[in-house]
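Chemist: Sequence:
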Amino acid sequence: MAMVRDLPLEDRPRERLISHGSEHLSNAELLAILIRSGSKDKSAIQLAEEVLGIYKESGIHNMSQVTVAELTKLKGIGEAKAAEIIAAIELGRRLSVSKNGNVAVVSGPEDVAAYAIPRLSYQQKEHFCVMLMNIKNHILSMQTISVGSLTASVVHPREVFKAAVQQSAASMILIHNHPSGDPTPSREDIATTNRMVSAGKVMDIPVLDHIIIGNNRFISMKEKGLIA
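Under numbering that gives the first Met the number 0, think of the first position of the sequence shown as 0, with each following residue one higher.
For the record, the hints were derived by calculation from the structure and aren't laboratory data.
Wrong hints could be hidden among the right ones.
Unchecked claim - Result set (DSS-like, lysine-lysine): computed pairs, CA atoms no more than 30 Å apart in a straight line: (1) K200 x K161; (2) K124 x K161; (3) K72 x K39; (4) K223 x K200; (5) K74 x K41; (6) K124 x K55; (7) K223 x K124; (8) K55 x K39; (9) K135 x K200; (10) K55 x K72; (11) K124 x K74; (12) K72 x K41; (13) K135 x K223; (14) K221 x K200; (15) K221 x K135; (16) K55 x K74; (17) K39 x K74; (18) K55 x K41; (19) K124 x K72; (20) K223 x K161; (21) K161 x K135; (22) K161 x K221; (23) K221 x K124.
Working from the sequences, and respecting the hints, build out all of it.
Modeler: Spelled out as structure tokens, the structure:
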């Protein structure tokens with residue numbers, strides 16, 4: 000069984016990263032660099048492939064929620080290696096939020112998505128949020144109103160508009176994620192949206208759109224003509 004140390008220098012993940020750049024490495028090679036050393040029976044790359052194999056069906060984005068307990072079930076991954084992997088994942092998430100989530104003014108659904116995707120795309124439960132804006136469409140905040148199950152979250156206009164009144168918001172955009180990765184609106188999504196739109200007319204705080212976040216993609220319900 001070939002171990003990483005047995006590979007020619009130019010084929011070893013760390014050396015390939017230094018010589019060619021991280022973008023040229025596979026997911027397994029990048030993870031192998033974090034794992035550093037293999038076990039008695041497996042190389043670091045084989046261990047990395049075993050970790051990634053857990054997410055073969057659900058998608059690698061779900062790895063953002065991995066725990067130490069899950070990783071240490073794999074022979075060859077101890078608490079120290081598990082902690083390093085999780086730390087690297089969290090650092091990557093924070094960099095993504097910092098890079099893509101600095102939208103200050105909303106001019107369209109793409110701006111909302113750029114702000115929300117780094118925050119919601121990898122959540123394993125459904126988060127229903129409101130983006131609150133002033134009269135010039137500057138973002139005041141994005142607040143989580145409800146965290147539901149993997150399939151649904153229940154929200155009430157009372158909680159939604161309480162946040163808007165507290166911040167003197169002029170308008171709002173509803174946002175929630177689909178943990179399945181598919182942002183296609185459900186019947187419940189459409190019904191909830193139109194209930195909020197009606198409440199917004201009464202409160203004089205218009206609901207401008209509802210953005211549904213999937214796996215690094217989104218749908219604007221307004222653009223789809225699904226808002227009454």
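Chemist: Taking the hints in turn, state whether each one holds.
Modeler: A quick look at each hint next to the structure:
no., hint, result
1, K200 x K161, "holds (15 Å)"
2, K124 x K161, "holds (23 Å)"
3, K72 x K39, "holds (16 Å)"
4, K223 x K200, "holds (21 Å)"
5, K74 x K41, "holds (9 Å)"
6, K124 x K55, "holds (19 Å)"
7, K223 x K124, "holds (24 Å)"
8, K55 x K39, "holds (25 Å)"
9, K135 x K200, "holds (19 Å)"
10, K55 x K72, "holds (17 Å)"
11, K124 x K74, "holds (29 Å)"
12, K72 x K41, "holds (15 Å)"
13, K135 x K223, "holds (24 Å)"
14, K221 x K200, "holds (16 Å)"
15, K221 x K135, "holds (19 Å)"
16, K55 x K74, "holds (19 Å)"
17, K39 x K74, "holds (10 Å)"
18, K55 x K41, "holds (20 Å)"
19, K124 x K72, "holds (23 Å)"
20, K223 x K161, "holds (28 Å)"
21, K161 x K135, "holds (21 Å)"
22, K161 x K221, "holds (23 Å)"
23, K221 x K124, "holds (24 Å)"
Violated hints are absent here; each numbered hint is respected by the structure.
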